[in-house]
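Asks: The primary structure of each chain is shown beneath.
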Amino acid sequence: MDRRDFIKILASGLLYFAERRAFPSVLKTRFEVSRVKSRDTERAVIKAIDMVGGINRFVKPGDIVVVKPNIGWNRPPYLKADTDPLIVRTIVHLCFQALASKVYVFDRTCDNPRLAYRNSGIEKAAREAGARVLPVNSVNSKLYKKIAIPQGRFLKESLINRYILESDVFIDVPVAKNHSSATLTLGMKNLMGITGDNRQKWHWKLHEAISDINTRIKPDLTVIDATKIMLKNGPTGGSTSYLKEMDTVIASSNVLSADSEAAKLFGLSADKIPYMKLGAEKGVGKISGYTLGSINL
Amino acid sequence: MNNINYGNYRKNFLVLKYLRLLSSFTFLALFSYIFIRSLDPFSAVTNYFLRFDPLIFLTNPKLDLIAIGGITIILILTLLFGRFFCGWVCPLGTLIEIIDFLNPFFRRRRKTRNPDFLLSRYPPSLFILAVTLPAIFFAPPILQFLHPNIWIIRIYSLSLPGIVFILILTALSLISRRFWCRYVCPLGALYGLISRFSLFSLKVDSCSFCRKCNSCPMAAVDYEKGNLYRNQCILCFEYEYSCPNRGFGYSVVFPKTSIETEDYSKSRRRFLKDASIIAGGIAAGSLISAFRFPSRNRLLRPPGVLNETQFVERCLRCFQCVRSCPNEIIKITGLEAGFSAFLTPHLSFAMYGCDFYCQVCQTVCPNEAIPLQPLYLKQITPIGKAKIDTTQCIVFKKDTNCLVCEEFCPVPDKAIVPIKREKVVKGKKITLRYPHVISSRCIGCGICEANCPVEPTAIRVFA
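Protein sequences appear in the order of chains A and B.
1 is the number of the first residue of the first sequence in my numbering; add one for each residue after it.
1 is the number of the first residue of the second sequence in my numbering; add one for each residue after it.
The hints are simulated quantities; they were obtained by calculation from the structure and are not laboratory data.
Note that this is a predicted model, so its numbers are computed, not measured.
C-beta atoms are modelled at their ideal positions from N, C-alpha and C, and glycine is treated no differently.
Please note that the accuracy of each hint is not assured.
To be verified - Cut-off 35 Å, straight-line C-alpha distance, at most; resulting in silico cross-link-like pairs (DSBU-like, lysine-lysine):
1) 277(A) x 397(B)
2) 124(A) x 331(B)
3) 60(A) x 277(A)
4) 47(A) x 272(A)
5) 232(A) x 378(B)
6) 378(B) x 201(A)
7) 146(A) x 102(A)
8) 203(B) x 205(A)
9) 426(B) x 205(A)
10) 102(A) x 201(A)
11) 398(B) x 232(A)
12) 277(A) x 426(B)
13) 244(A) x 397(B)
14) 420(B) x 156(A)
Said to hold, decoys possible - Short derived list, chain B residues pointing at chain A, Cβ under 8 Å:
15) 41
16) 42
17) 43
18) 326
19) 404
20) 406
21) 407
22) 414
23) 418
24) 456
Said to hold, decoys possible - These stretches of chain A come out as covered by chain B in the derived footprint (C-beta under 8 Å, 3 or more residues):
25) 103-114
26) 197-203
The whole structure should be built from the sequences, with the hints applied where relevant.
Replies: Next up, the structure:
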């Protein structure tokens with residue numbers, strides 16, 4: 001090594017540390033999927049999103065954001081049939097911190113929307129955080145737009161909520177539960193709440209339908225509420241004895257990767273769950289082999 | 001005769017008139033507020049106008065201290081001041097007054113028609129009250145169609161009977177003012193009966209027979225004889241101030257110095273006539289009650305109703321539950337299930353079933369026809385039982401997995417369970433999951449029926 005090379009190495013090394021000091025986030029390790037375990041749910045959400053690139057990666061100043069939790073059922077929050085209101089609130093807060101112009105929160109509920117929105121606690125939490133909570137039903141045809149699904153095998157076209165289509169960022173916030181027909185309901189299954197179709201008929205080929213819609217609509221960010229996972233009699237649940245405390249939040253920019261990581265919490269492998277397997281075949285995302293960042297706080 | 005300060009005569013009666021208007025409109029506003037509040041499932045309340053009601057209380061006597069207290073206060077006030085309820089409180093009375101005020105035909109005829117004072121002395125409403133009394137105890141639905149504050153809920157809920165009723169009221173206002181209150185209303189008759197013995201009363205001290213008081217909305221003042229029928233006077237103080245003779249007085253009266261200048265024998269004759277009217281009414285009511293009106297077919301009743309007969313007895317057919325149900329599954333029964341079930345609520349699951357965590361109908365029911373249960377009891381009390389029609393169900397019929405009913409079943413340990421069976425379809429071996437209802441767990445909430453994707457629905461709830 002001559003003097004010139006030595007100076008080159010020294011200079012580049014110095015430059016590297018100087019840059020790292022000036023732009024720390026750029027060089028921070030970014031994972032495809034993050035799994036954070038903490039009893040402090042708010043902190044877990046922030047950390048999990050941080051580990052997949054931070055909220056600024058997804059929400060740019062002035063963006064219109066849709067946060068879609070699972071508000072399927074008129075159940076009190078402790079039964080975990082719906083997403084934790086605290087998680088929804090934290091994500092809405094984060095969006096506004098990233099200077100989002102508007103944040104919409106809605107879901108097409110299975111029970112009466114008025115009751116489900118209120119009793120799940122999500123309406124209040126989201127409103128307090130500054131989000132707009134939209135009433136959604138399948139009757140209002142103005143709310144939906146018919147779009148084609150080119151890769152679809154069962155669904156060739158579907159009515160999709162306009163707010164999803166017209167927003168800049170779509171954040172999918174499901175709750176991890178057992179589901180009688182779909183095995184598990186996670187991020188991919190949560191997309192059934194954005195459609196205006198007759199969802200009951202989707203059940204005739206449920207796995208195909210879920211994977212089909214996921215080929216067309218892709219959430220920018222998926223944050224899975226696995227603080228308490230429902231192990232049986234889902235998706236309605238109804239007893240705290242069906243719940244298992246996991247205190248985990250999973251985040252990913254790819255919905256399928258997040259789902260297959262969450263499936264592991266139930267002791268299931270993603271390729272045993274038909275809609276995830278079909279999703280991987282249809283190119284929704286990686287079912288395995290993603291980079292995983294996992295920490296306990 | 002000289003107990004009134006003449007200088008203040010006009011002023012005093014005008015103050016009473018405006019106080020009464022203020023009071024009646026305040027109570028109408030309160031009633032409307034309670035009704036509007038009950039449209040929101042999260043602020044639903046029981047309607048106190050129906051709870052603090054002596055006639056309704058008799059249909060379901062219970063140890064409800066608040067209701068008993070409220071009714072006692074109203075009765076004591078009636079004994080003190082007379083039939084104040086009709087003029088100062090009754091929301092339907094205020095509504096009728098508004099209709100009368102708006103009716104141009106009536107306004108033209110206001111002074112021309114002379115009422116029949118025999119009807120004021122022995123109002124038909126007394127007979128109607130007597131008819132309803134046995135009906136209350138033996139429960140054919142008669143009071144339910146004659147009670148003023150039930151009608152106003154029907155009007156507010158914009159139901160067909162309510163609209164018909166308001167048209168009838170408009171037509172009646174062509175005949176006379178407050179026709180309903182004068183001649184029909186049994187609640188008014190009850191208060192009128194009590195007010196005959198009230199401590200305070202309006203009285204005619206002197207009369208020059210000028211007929212200015214023939215605008216009395218209740219035809220309570222007989223200007224030909226200078227009499228006043230206390231049972232009809234609702235203390236509206238509408239025209240007393242304008243009496244040129246300054247002849248009215250509102251003060252303590254004792255039974256001996258009755259304002260009706262009747263001698264003892266006349267008074268006894270009158271008592272006998274009243275008694276015979278009431279006895280005749282009770283006899284007629286008993287006759288009607290003797291007929292049984294059995295329901296022809298069983299209906300799905302709102303959650304918590306256990307005893308059909310008791311429900312039909314207690315149900316006021318006020319449509320409050322129909323209007324308050326957030327899922328809009330409570331419908332009004334027509335005559336198809338027999339007269340006893342006429343206008344009672346039944347369930348029909350169209351878009352939603354009966355929500356597992358909702359108790360709005362139980363909260364708003366003013367007469368505990370739908371009893372308010374603790375939530376855990378409501379969640380295990382069956383409305384009916386679901387049955388799967390295997391000729392319709394797509395799993396049985398077309399070998400396609402579906403199981404929406406199982407997914408939506410709100411019972412924590414699932415009243416619908418899948419039964420797995422393997423079947424060879426088109427040379428391929430597939431696992432089919434057949435739905436099966438466990439009848440002992442099923443609460444008949446109808447959520448499965450409402451969400452069944454097959455037309456016509458393959459799973460249905462039967463009473």
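Asks: Hint by hint, note whether the structure agrees.
Replies: Evaluated hints:
1. 277(A) x 397(B): OK: residue 277(A) and residue 397(B) at ~28 Å, within 35 Å.
2. 124(A) x 331(B): It holds: about 31 Å lies between the C-alpha atoms, which stays within 35 Å.
3. 60(A) x 277(A): Within the cut-off at roughly 33 Å; holds.
4. 47(A) x 272(A): holds (30 Å)
5. 232(A) x 378(B): holds (23 Å)
6. 378(B) x 201(A): Roughly 31 Å between the alpha carbons, so the hint for residue 378(B) and residue 201(A) holds.
7. 146(A) x 102(A): Cα-Cα ~24 Å, so holds.
8. 203(B) x 205(A): Cα-Cα ~82 Å, so violated.
9. 426(B) x 205(A): It holds: about 17 Å lies between the C-alpha atoms, which stays within 35 Å.
10. 102(A) x 201(A): Distance ~33 Å between residue 102(A) and residue 201(A) Cα, so the pair holds.
11. 398(B) x 232(A): holds (28 Å)
12. 277(A) x 426(B): holds (24 Å)
13. 244(A) x 397(B): violated (38 Å)
14. 420(B) x 156(A): holds (30 Å)
15. 41: holds (7 Å)
16. 42: holds (6 Å)
17. 43: The hint is violated - residue 43(B) has no Cβ within 8 Å of chain A, the shortest such distance being about 11 Å.
18. 326: It holds, given that the least Cβ distance between residue 326(B) and chain A is near 5 Å, below 8 Å.
19. 404: holds (5 Å)
20. 406: holds (5 Å)
21. 407: Check passed: Cβ of residue 407(B) comes within 5 Å of chain A, closer than 8 Å.
22. 414: holds (5 Å)
23. 418: holds (7 Å)
24. 456: violated (14 Å)
25. 103-114: holds (count 4)
26. 197-203: Our answer is that it holds, as 4 residues pass the Cβ test (under 8 Å) against chain B, meeting three.
Taken one by one, the earlier hints fail for this structure at numbers 8, 13, 17 and 24, listed in ascending order.
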